[in-house]
Amino acid sequence: MNGGHRRLRSLGRALPLSPAVVLLLLFLAGPIAYCAWIAFTDLQLTGQAHASFVGLDNFRRAFRDDAFLNAVWLTLVFTVVSSLLGQNTLGLALAALMRRASKPVRTLTGGVVVTAWVLPEVVAGFLLYAFFRREGTLNALLAQLHLPSQNWLFTLPILAVSFANVWRGTAFSMLVYSAALNEIPREVEEAAEVDGARGRRLWWHVTLPMIRRSIGTNLMLNTLQTLSVFGLIWVMTRGGPGGRSQTLPLFMYETAFQNSMIGYGTAVALLLLVVGSLFSVVYLRLLRTEV
Amino acid sequence: MARTVSSRRLGRRLAADTGLLAVAAAFALPLAWVLLSSVDPHADLRVKAPDGLTLGNFDAILTPDITFTPLLNSLVLCGGATLLTVVCAVLAAYPLSRFRSRLNRPFLLTILFATSLPITAIMVPVYALFVRVDLIDTAHGTILFFAASQLPFAIWLMKNFMDGVPKELEEAAWTDGASTLQSLARIVLPLMGPGVSVVTVFSFVMMWGNFFVPFMLLLTPDQMPASVSINEFFGNRGMVAYGQLAAFSVVYSTPVILLYLLISRRLGGGFALGGAVKG
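The listed protein sequences derive, respectively, from chains A and B.
For the first sequence, position 15 matches number 15 in UniProt numbering, and the numbering has no gaps at all.
For the second sequence, position 221 matches number 221 in UniProt numbering, and the numbering has no gaps at all.
None of these hints come from the bench; they were simulated from the model.
In this text, all values refer to a predicted model and were calculated from it rather than measured experimentally.
The C-beta atom is built at its ideal place from N, Cα and C for all residues, glycine as well.
Incorrect hints may have been included.
Stated by the list, open to error - Facing chain A, according to a computed beta carbon distance under 10 angstroms, are these residues of chain B, among others:
{"#": "1", "residue": "Cys88"}
{"#": "2", "residue": "Ile155"}
{"#": "3", "residue": "Tyr252"}
Using the sequences and the hints given, assemble the complete structure.
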């Protein structure tokens, strides 16, 4: 078989890849490249033709813009509270409890938590909006316990949307950790128990080290998902009141569309994309043995 | 001795059950609100027993304007994009799974990298790009973008499922002179029905619930899928008509919950994305 023939054959074999590659290049790689270009221009919503190259102006402007810094800070709070502390820890706790619980309770809890996850984002937003409103369920419960009620969406909007994200996203961590815990051979834990390791020590020295790769993967995916939450916050607070729950995606949207500064909004998008890519790379490294 | 071990085990089980039930109750409260309010003639924002049962809320929203057109739009957008995603993913997974090539690894790494990119971040440039190439406010433009955004994960999942189909059967077909596409269609696909249905349902469910993509790429109210139109409804009327909002939420959410049940059953309850992204 000569080289030309072989090349032709491998070309033929790669042919089924082409629809996917074309779609990905045009609609995913294209916009990313375009993003990297218009982030350095002063493109506005009106007058597309006259965008000019402005270098790093958009970025300089961002770091002097209090609204941007506020959004960075809120994104950090939102990510730490809802993803690291909330979804991840609660998901692990649920998975651990499920191993010991009776089957009906396990099925019921799993069903409820997964339903919250499967619901469309906007519906989840309404449900949690109703839950946190002044006239909502949370305050009704607090009143029963004789605790003061308040309008959570006004007093602590970022915490309210963080809890909403925990409600919506915990199922994913729970499923990941359930799968990971099920893969630990029973003998390992039993052997450790025979050696006298119990409760917290068993967890700390045996169980957690055995699922550390799942923990890494899950943290990365949770964080990436949380970085791109838009609909949930939009429905609950629109980023308000007064920008107090305006995370970066909402800030980006407002800058680009309500304030018509596409160039500036895209610069913010590019920063978000870069942060996301860094997390992605770490995630790939965690998985590197599997590809 | 045996008794203390078993009573300790029982105690642990009770503690675990209690803990889980507490969490389940907290998670169930918002769900209870939507179910109860949808049949409550005087629904408000808190969970309460309905003042009598009514289907009036459903009656009020089951009109072409409020429900049928947006759901049909959702179906066209998500169905079209899912079809495109699944066809492209099956085709792409085949060479990745079956033939050795130096390019497989870098390609798969790129795909995996793309699965975790925050799509939200590129929506502003996608909007600007779509305005330029005249795809803005078109169903086909939105379908193409939806498909592209879901494709990396679909390819990744599909390739993993295809790896599970033994290669020997195809080798026999190849010696009989079957082409790549023939062996894919006649031998591999029939053997990976569950895999294909998982990718299909998963893609569909993700798009059905997606708000930001159609919110950015579509402008005309008539074209809006339910994920966006529900928001308009809520903004204009839902502030007072909570029962109707709840009824709409139920109608809009039911298909994805049923679909999820379908695949989780099919895979013996073991379908966790955990299996797909196991680490």
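* Hints not upheld, ascending by number -> none
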